[in-house]
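Undergrad: My request is simple: use the sequences and hints to build the entire structure.
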Amino acid sequence: MRMVKFLKMLSISVREGTATRKYPFESPLVTPEFRGKIEVDPVKCVGCGACTRICPPKALTIGNEGDEIVLKYFEGRCIFCGMCAYVCPQKAITVSKEFELATWELGDLYDEVVHTTVKCRICGKPFTTVKFVKEVEKRIDNKVPEDLLTVCPECRKKLTARKIGSKVVGVSGE
Amino acid sequence: MSHDYSKLIDELSRGHRSRAILSKILEVCGDSVLDLSRRNIIIKIVIKANCLRTALENIYKEHDLYLRTIAASDERSREGLFKLYYVFGIDSEGTNLVFEVPVAEGAKVDTISDLFRASDWYELEAHDLLGIEFNGRQMSRLVLPEDWPENLYPLRKEVSVEELKKMYQPQLISRVSELGVEEVVRIPVGPYHPALHEPEYFELYVRGEKVVDARYVGFMVHRGIEKLAESMKYDQVPFLAERICGICGFVHSTSYVQAVEDALGIEVPERAHFIRSIVLEVERLHSHLLWLGVALHLLGYDTGFMHAWRIREKVMVLAELLTGSRKTYGIDLVGGVKKDIDKDKIPRIKETLNVLRKEFKELVDVAMSVPQVKARLTGTGVLPRGEARAYSLVGPTVRGSGIARDVRKDYTYAAYHYVSFKVPVYTEGDNLARTLVRVDEVFESISIIEQLVDMMPGGPIKAERWEPQPMRLGIGAVEAPRGEVIHVVLTDLYGPYRWRVRAPTYQNLQAVPIMLKGVDLADAPLTIASIDPCFSCTDRAVIINLRSGSVKTLPIEVISRRVRENG
Ligand code: SF4
Ligand code: SF4
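Note that the protein sequences, when read in sequence, are chains H and E. Position 174 (the first sequence) corresponds to 175 in the numbering used here; numbering is contiguous. Position 440 (the second sequence) corresponds to 640 in the numbering used here; numbering is contiguous.
Don't read these hints as lab results, they were simulated from the structure. Predicted model, so just to flag it, every value in this text is computed and none were measured. Even for Gly, the Cβ is constructed at its ideal location relative to N, Cα and C. Careful: at least some of the hints might be erroneous.
Pairwise CB distance ranges, derived in the manner of DEER restraints [claimed, not checked]:
hint	chain 1	residue 1	chain 2	residue 2	range
1	E	Pro660	H	Thr19	42 to 48 Å
2	E	Val359	H	Arg140	40 to 46 Å
3	H	Lys59	E	Gly586	47 to 53 Å
4	H	Val88	E	Ile546	27 to 33 Å
5	E	Glu362	H	Lys23	44 to 50 Å
6	H	Glu99	E	Arg356	41 to 47 Å
7	E	Leu315	H	Leu8	52 to 58 Å
TA: Here it is in structure tokens:
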């Protein structure tokens with residue numbers, strides 16, 4: 002009796018056939034929900050950097066390179082969590098289903114979005130992107146204090162300190 | 201503290217057990233109790249270090265009380281002190297009893313490892329990572345490698361992650377030494393190269409075919425994840441937490457977010473609770489199927505292994521459909537989840553569960569009828585109920601020894617209070633009992649998911665906004681496939697100030713030497729695997745014959761086959 006039950010596995014195997022997929026000749030391997038590498042739309046991206054601040058493994062970084070501000074994506078570090086797409090205020094990031102990322106060229110693993118910059122009217126350093134300033138203006142209907150969009154955060158701090166200082170001491174004018 | 205405590209005790213206790221415990225503690229420690237408070241299920245007792253042991257001596261025999269975790273934290277920058285948080289659970293009430301113990305730098309704390317045996321590792325770890333000293337016990341390295349410099353305590357706040365990265369030098373641990381007993385051969389089991397996945401190291405002392413003693417050495421791949429999280433933001437940590445374990449990662453991200461939500465009083469929308477519970481049960485299904493496959497493989501029944509994993513694949517695809525990924529689901533955020541389960545997926549969920557129920561039943565029926573499978577599971581690796589209690593064990597390991605401990609029931613969370621389910625318990629304490637607990641749990645999980653998708657409420661899946669506050673204590677616990685996972689979080693403004701993670705294997709591994717005593721060598725691999733310690737296929741054994749000096753390296757399952765063939 003026992004032997005008979007034991008052999009039942011054979012009929013299960015026949016019923017199920019081969020479980021292994023003939024990858025890569027058979028496709029697709031993934032469901033429609035699969036999270037693969039991300040794509041940044043260079044047109045929509047304004048270079049605000051929100052995605053780089055949330056990215057857990059720092060696969061996305063943003064920084065000054067000469068006169069430009071560059072958003073860099075390094076697939077090699079990406080954990081495909083989709084947080085960048087989740088936080089991007091411009092909906093510039095899409096999560097693709099791409100997972101076959103092996104390559105001989107390290108360079109293939111990098112993507113970049115290059116932004117033209119706005120330079121600080123006091124110190125001359127590029128501190129934000131042209132598109133970001135436009136976007137802010139659009140969103141708050143041009144009612145931004147001039148300084149916010151033309152002076153870098155560091156100079157702005159000094160500026161404010163000076164303004165407060167002059168008020169406290171009662172010295173008028175700058 | 202004032203001397204009429206009865207009113208206070210009435211206010212704070214959550215049932216007759218916590219009432220008895222609180223009165224006892226106040227009676228014996230009186231003025232050494234610096235503060236008492238309660239928030240939700242947490243009763244917090246701030247107590248002077250010199251009275252902690254006295255307090256615990258008086259309550260450790262209390263039924264239902266077990267040590268869940270100890271979190272040590274460096275709070276010198278705030279209060280000039282280290283702190284120890286001892287978290288005990290009272291199962292029958294679902295109460296967390298937290299002893300907050302301030303420890304001045306250089307002061308010593310009395311050990312409780314003789315009262316609560318599970319505390320052994322916690323104390324060693326607090327010493328390794330923060331330099332807290334304990335009285336009345338032997339201290340040795342647990343977490344840090346042997347060549348780590350003295351007096352460099354990585355979890356102290358003045359030590360930076362960059363500094364630690366420079367320090368890390370993997371070192372092979374070789375522990376071959378003379379035994380002096382003629383007929384004893386020492387067999388170390390487990391990979392002990394730090395580059396391998398999940399290294400564990402067991403030394404089995406064997407006389408003839410019988411294991412007479414066992415020793416465990418671990419922590420070869422301590423990654424410093426807790427330290428790393430101290431420099432991360434609240435919503436980045438779930439993704440790190442999920443990578444603590446390659447099999448049950450979602451339990452860690454969920455424990456973490458629950459701990460933060462508990463600490464900051466964040467209201468999580470019901471729908472998010474349902475989604476978390478569904479995904480947690482999907483994770484249990486895949487994990488139990490994985491385990492059953494590995495167990496059958498270790499028993500030499502590879503056909504069963506293949507079929508267990510064939511069935512499991514359907515769960516993996518379902519997980520991807522629900523979350524976006526087969527394994528690291530990546531949907532937990534503080535305050536909710538980031539991916540909804542759309543209506544049109546529900547038929548697919550139900551269909552998968554139906555197939556799963558049918559095929560799993562078929563597989564278990566057949567596998568259990570294979571003579572060597574049942575024979576080798578029955579009566580091997582016995583863990584008596586008393587030991588299971590004394591070691592504060594968790595999960596299928598404790599439930600196979602007659603104790604119905606299950607976080608989903610005892611300290612309910614997410615959406616588990618909406619569903620009805622059984623907690624399978626077997627009393628024999630052997631490998632078969634632990635196997636059957638998991639088999640039954642597969643059917644329970646299927647039914648839990650079915651109930652949840654039917655009842656799922658609408659609404660948002662994430663709290664709109666929440667405010668971080670510094671230095672709030674929160675506890676999050678989840679019943680993982682291997683047993684209770686518990687996270688303790690102390691909050692800061694942007695991320696955790698201190699995050700203490702305790703995985704179930706931390707608790708359960710300490711009992712493996714007990715299960716191993718007296719088993720046949722051939723049953724040792726399965727017995728070790730019976731607690732489901734994320735056993736990896738790269739595990740291998742080194743057999744050292746001290747008399748001839750010969751050394752052979754074998755994959756672990758070969759031991760069982762070889763011994764079987766020879767015997
Ligand atoms: S717009 Fe989106 S993609 Fe561009 S920097 Fe900001 S968050 Fe990143
Ligand atoms: S998917 Fe995650 S890891 Fe990858 S770039 Fe986006 S946030 Fe970073």
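Undergrad: Compare the structure with each hint and give your call.
TA: Cross-check of the supplied hints:
For Pro660 (chain E) and Thr19 (chain H), the hinted distance range of 42 to 48 Å is satisfied, since their beta carbons lie about 44 Å from each other. Hint check: Val359 (chain E) to Arg140 (chain H), Cβ distance near 43 Å, so the stated range 40 to 46 Å holds. Roughly 50 Å separates the CB atoms of Lys59 (chain H) and Gly586 (chain E), a value that falls within the hinted 47 to 53 Å. For the pair Val88 (chain H) and Ile546 (chain E), the supplied restraint of 27 to 33 Å holds, since their beta-carbon distance comes to about 29 Å.
For the hinted restraint 44 to 50 Å between Glu362 (chain E) and Lys23 (chain H), the CB-CB distance of approximately 47 Å keeps it satisfied. The given range of 41 to 47 Å is respected by Glu99 (chain H) and Arg356 (chain E), whose C-beta atoms sit roughly 43 Å from each other. Taken as a hint, the range 52 to 58 Å holds for the pair Leu315 (chain E) and Leu8 (chain H), whose Cβ atoms sit roughly 54 Å apart.
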